[in-house]
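Given chain A, put chain B in place with the hints provided.
Number of protein chains: 2
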Amino acid sequence: MNAQTSTWTPAPTSLLTDHYELTMLQAALRDGTAERRSVFEVFSRRLSAGRRYGIVAGTGRFLEGLREFRFEGPRLDFLQRTGVIDSATANWLAEFEFTGQIDGYAEGEAWFPNSPVLRVEGSFAEACVLETYILSVLNYDSAVASAASRMTSAAGSRPCLEMGSRRAHDQAAVAAARAAVIAGFTGTSNLEAGYRYGVTTIGTAAHSFTLLHDDEESAFRSQLQAQGLGTTLLVDTYDVEAAVRKAVELAGAELGAVRLDSGDLAVQAVRVRELLDELGNPDTKITVTSDLDEYAIAGLAAAPVDSYGVGTRLVTGSGVPTSSMVYKLVARENAAGDLEPVAKKATGKGSIGGRKTALRRRNAQGVATHEIVGIDTVPVDDGDDRPLMQPFVRDGELLDGWTGPDAVLRAQRRHAGTMAELPRAAARLSEGEPVIPTVLES
Amino acid sequence: MNAQTSTWTPAPTSLLTDHYELTMLQAALRDGTAERRSVFEVFSRRLSAGRRYGIVAGTGRFLEGLREFRFEGPRLDFLQRTGVIDSATANWLAEFEFTGQIDGYAEGEAWFPNSPVLRVEGSFAEACVLETYILSVLNYDSAVASAASRMTSAAGSRPCLEMGSRRAHDQAAVAAARAAVIAGFTGTSNLEAGYRYGVTTIGTAAHSFTLLHDDEESAFRSQLQAQGLGTTLLVDTYDVEAAVRKAVELAGAELGAVRLDSGDLAVQAVRVRELLDELGNPDTKITVTSDLDEYAIAGLAAAPVDSYGVGTRLVTGSGVPTSSMVYKLVARENAAGDLEPVAKKATGKGSIGGRKTALRRRNAQGVATHEIVGIDTVPVDDGDDRPLMQPFVRDGELLDGWTGPDAVLRAQRRHAGTMAELPRAAARLSEGEPVIPTVLES
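As you go down the protein sequences, you meet chains A and B in turn.
In this text, residue positions in the first sequence follow our numbering: the first is 13, and each later residue adds one.
In this text, residue positions in the second sequence follow our numbering: the first is 13, and each later residue adds one.
The hints are simulated quantities; they were obtained by calculation from the structure and are not laboratory data.
Certain hints may be false.
Chain copies aren't distinguished; within one or between two, either way the pair holds.
[Claimed, not checked] Each computed DSS-like pair below joins lysine-lysine, with the alpha-carbon atoms no more than 27 Å apart: (1) Lys258 - Lys357; (2) Lys297 - Lys357; (3) Lys297 - Lys258.
Same shape as in the complex, but just chain A (with noise of 0.2 Å):
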């Protein structure tokens, strides 16, 4: 970790949203309903493919992009030209500012169905006009984290670096590699995360700089020059072997790593661990990078490897691209100037009416037994609980410690301390139920 204060912010986010967010903004301002005091909570109803646990991440990245969620200049224009808005709701636009509370489970957290992730209190209009971009931002983010946490969980000591970029949308690969930081990978390859979030970043060399030299000898010459004797040099280039013999030649004793990106890789590792040995190289490492995920890590376990590099798998979630997180209006003022709780009826999307509030249960041996929901109340801490509830925004103000790199940083900590609170069973990579229950109060 490098963390200090980034000068980087996100370009304008208003427009990350969904047409109808406006027009259900212009309808309710022209009807009067617009300020109606209304709570809105993001949760999912389940855990995809019979994951035990998921993982929080992207709150962060949310917050820092509220403060640049303005309606102005070119735009504010669109809106109009296009027609999407009139206006006095281009007037109401020009003027927003995000007034109300926002609370949620911090990033690192794990989560289970109903768990109610954040919560945002405000009017109407302040709170509608928000639902597409919270959901982009904690539907991805969240899927990338709750994967990488599954890879570390099956990694255990070996570190995991992220190396995904190439295969998630250029700005989500920054988005991921914060993610995957925060699921306890110890580096990626992504600079712009080094950047913003001043994670760790790593990397030696690919394929093509082999292929650029005339031999193979050459391209290892060149890198170890440049870049030290503890560089990590690719073998898998023409043959393994030979490159192994020749990086020990050419490097000695005091050679950082080798890097294996194809072909079986539990019988290379082995191979290659033997003969780094009978070099006299026992302190050079093997890392590895071919399509990696939670399974293939597991199933690396016994074999001599270092560290995993994981890419493809990492950044689309392993198997579940995006998390099925929604935002859904639980409680709202009524005419009578009361809140009430509301609810959809229609089949298989149902949602539970009323502002939630969770906890934790432990046991008091400290290990998770119960995700505890209160709705419209609040649940009693039994002495062994913890309260998930955290407070991100009081009055459109941002509290201090949920942006930036340190938030990362923390961020991973938090999740290193949950996992470990978590049963034992969260570490199964097999399909089955949420590792704890989610019990309802009311």
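Positioned in the frame of chain A, the structure of chain B alone reads:
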């Protein structure tokens, strides 16, 4: 389409890159190979998941980003401060400007295994640093376009509307909307896509709008008042039949459409169509929007549905969330100054050396029969063929016609033309072989 010049330019793109691109650059600058003339190519070894064809998207977005691919200010400082690069490399990057040639398949075009989708020629240094960014853009955008094309193909003449923003990273959502439109979608819910690319945006109201009001009737009245009788009313918040009756009672025969977002869509569409007809609303359309993909769309072909709103499965590539495109050095200048083919030989990930050019072979009826890829040779048009490589950049200068809103519109037309040219089997949704074989000529 609402094509016009947008004032939008992307944020700096140069760090949307893997760390190792710059460490390779640094070593190559030191050893003198950085200026070797090189040819890199983007291609995929396969079509994932038994798809019959893929659709290229992202090229225009990459070309827009290439103009912002500059190393300066705080980003360049970051690279030096964190030791990613030395000062000589920093000096080189500060002056960086791509000066080479870029050719490839136009957006909207079909691609097959080994199609040279993009070819970048220049010095090793200038082509190397673009790798990750190019792949991020093409892999994501083409994954979405490829899925979208199967959906528009399955939908036939019924419009498909993109509504997946909340299930994709916030910026990926914009690219997904653009890619979907290229592959035949008629509009998107994503406002930023409308702003940047001039594509049509659509949307009316969500369940939260109904819940905001004291009853469904108040919500419908408000929406009809604000949006006019031609709007689409969401009728499944409580009871569908009661909602349809109320909608017709309030709007009369002019009601534009009703939307179904849950339940068994085929069964409900039949019931709602009958009810609308019975109530004297034969012109009121039915749009459906719940968990659709190409298979669900095909399954609804016989149902009285007028348009499809597609979300999650579109923006996640319908099971293929990223393309498997790679960027490989296929030829480079040797020590003697001659360009020679190069290729990685290792297991399973081998590449084919040599500079590629492609054309689509067509029979006398204009039906595509083969993808012809010439290796260090330009395949000869036999009279009915269509050359596939388009020039995008010449000596570093972006050529006209490949970026901005107009390029999206042209790509959409190109997609329609390409699809009309492929054999009918291209429309099969089952897993199988590419609909035309790729023939390598050398």
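Taking the hints in turn, this is what the structure says about them:
Taking the closest pair of Cα atoms, Lys258 and Lys357 come within 27 Å of each other only across two copies (17 Å); inside a single copy the shortest separation is 68 Å, beyond that limit. Taking the shortest Cα distances, Lys297 and Lys357 sit within 27 Å of each other only across copies (23 Å), while inside one copy they are farther apart (57 Å). Taking identical chains as interchangeable, the C-alpha atoms of Lys297 and Lys258 lie at most 27 Å apart only when both belong to the same chain, with a minimum of 16 Å there against 70 Å between chains.
This entry satisfies every hint, going by the numbered hints stated previously.
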